[in-house]
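Chemist: Spelled out from the first residue to the last, the chains are:
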Amino acid sequence: MKKTAAALLMALLLILLAACGSAPAKNVDLPALMAKLPLAQEDRDEMMELDAADLMTYYGIAEADVKQFAALMHTSGIDCDEIVLIEAADSAAAGRVKTALEARLEIKKNEMRDYLPDEYAVIAKCGVRQDGTLVAMIVSPDEKEISGAYQEGIR
Amino acid sequence: MKNRWLAAVLAAVLLCSAPAYAEGPEETDGGHFTGEVLPDETDGTGDPKISYDQLMPRDYVIVKDALTTEEPLGLPAGGRVDDSYFDDAVFIGDSVSEKLNMYVAKVRKTGGPVLGKANFLTAVSFGSRNALKPVSSGSLHPAYNGKKMLLEDAIAAMGAKKIYIMFGMNDVQVSGIEKSLENMKELLRRIHKKNPDAIFFIESATPRCGSGNPTTKDLFCYDLALYEMCAELGEGVYFVDVAYALRDAKGDLYKDCCADTGSMALHLNEKGCKVWLEYLYTHTLPEEMLQRSK
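Protein chains in written order, with this note's numbering: chain A, 9 to 163; chain B, 379 to 672.
Certain hints may be false.
As the list claims (entries may be wrong) - Each computed BS3-like pair below joins lysine-lysine, with the alpha-carbon atoms no more than 27 angstroms apart:
| no. | chain 1 | residue 1 | chain 2 | residue 2 |
| --- | --- | --- | --- | --- |
| 1 | A | 75 | B | 525 |
| 2 | B | 495 | A | 44 |
| 3 | B | 572 | B | 557 |
| 4 | B | 487 | B | 511 |
| 5 | B | 557 | B | 495 |
| 6 | B | 571 | A | 117 |
| 7 | A | 117 | B | 525 |
| 8 | A | 106 | B | 487 |
| 9 | A | 106 | B | 484 |
Stated by the list, open to error - On the chain A side, residues computed to face chain B include the following (Cβ under 8 angstroms):
| no. | residue |
| --- | --- |
| 10 | 64 |
| 11 | 86 |
| 12 | 115 |
These aren't lab readings, by the way, just hints derived from the structure by calculation.
Quick reminder that beta carbons are idealized off the backbone N, C-alpha and C, glycines included.
Model the full assembly from the supplied sequences, consistent with the hints where possible.
Modeler: Okay, structure coming up:
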């Protein structure tokens, strides 16, 4: 009896822990979070805010797959900085968004690999992360710091 | 006139110390690439229509001790067109054009319009050489709506009719001028096959304002040879000498138009983009030629 109860409690504990780990905080305001990310103002000034149509143009992400988003792209043409934060409509959409952003990352790597090795080195350290229906691609020389702030912001 | 043209050609050959492209015009199954210069026609009233030769004259003069011509090559200056002229245009290029892509996107967001509804197919380190390769996970083909595809397929998907292409920077240094032109001709052939109504506007490769490979001289020689290639291909292929507008008296890129004077010395800043855009708006194909090309 005691063993059964202990096993049930353990199972319940594991379920609760798993739920806490995978479910992002509710009511995350991505545009507000983007505004708070530790980007230098001079970098922000060089970046362009993307709109819903741009998500299709640059990433092939359908509007219907997106609940909310915030995205910045460097406008120099040769700087790799790009930050895309998306809350997908559902888990299936989140999978599609993740695939699309990973494809974008590969394109950026291919472009810079031989042309601008310093930019390639930056991109190579970056990736796409998914937290439930939240998907983020953070490409920046300050990726570690920015990603840390992002993860804090979605908890 | 004839002596002047011969002198210009001789000067170009001596200056560049390399043959221009080897082959003559290439025939296709379409109507555009016959290499023939269309005879002057009249519009029935006795008034001559504009001929291809008038838009793409074969004589030009290279400025002494400089890497530029006295006048821009290809499409002459005309009135400023309306934005709608570019609605069915696509701009294809490398990192130089990528900056124009980003600048246009930025301006469109803050009021625009600019270049109408024109699309862009640009990728850093792109060129005619790698445009001919098959699409793969490692290829450089630009994505259209997030999907990487061959240029001819992307153009067909977006329904573009005016195809602007600026390549050279990533071709000349790898393949040399002659092979780069062969690749360009093959690329035009493939695009034309899939998009028979398309009109080509080949833009000259812009110069640089510092050292590097290819040099400004390499790019200028490439531009001259590219112009000759376009003129031989004939109606349906026009030259837009954007580089002319961005060259200083010596033929280098204007420093105040360059975004990376301290490094690669070839990418444009916003001022450079504005110069480029102004050139595009004022060096266009007359309406009657657009109609004839349909």
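Chemist: Can you name, in rising order, the numbers of the hints this structure does not satisfy?
Modeler: 2, 4, 5, 6
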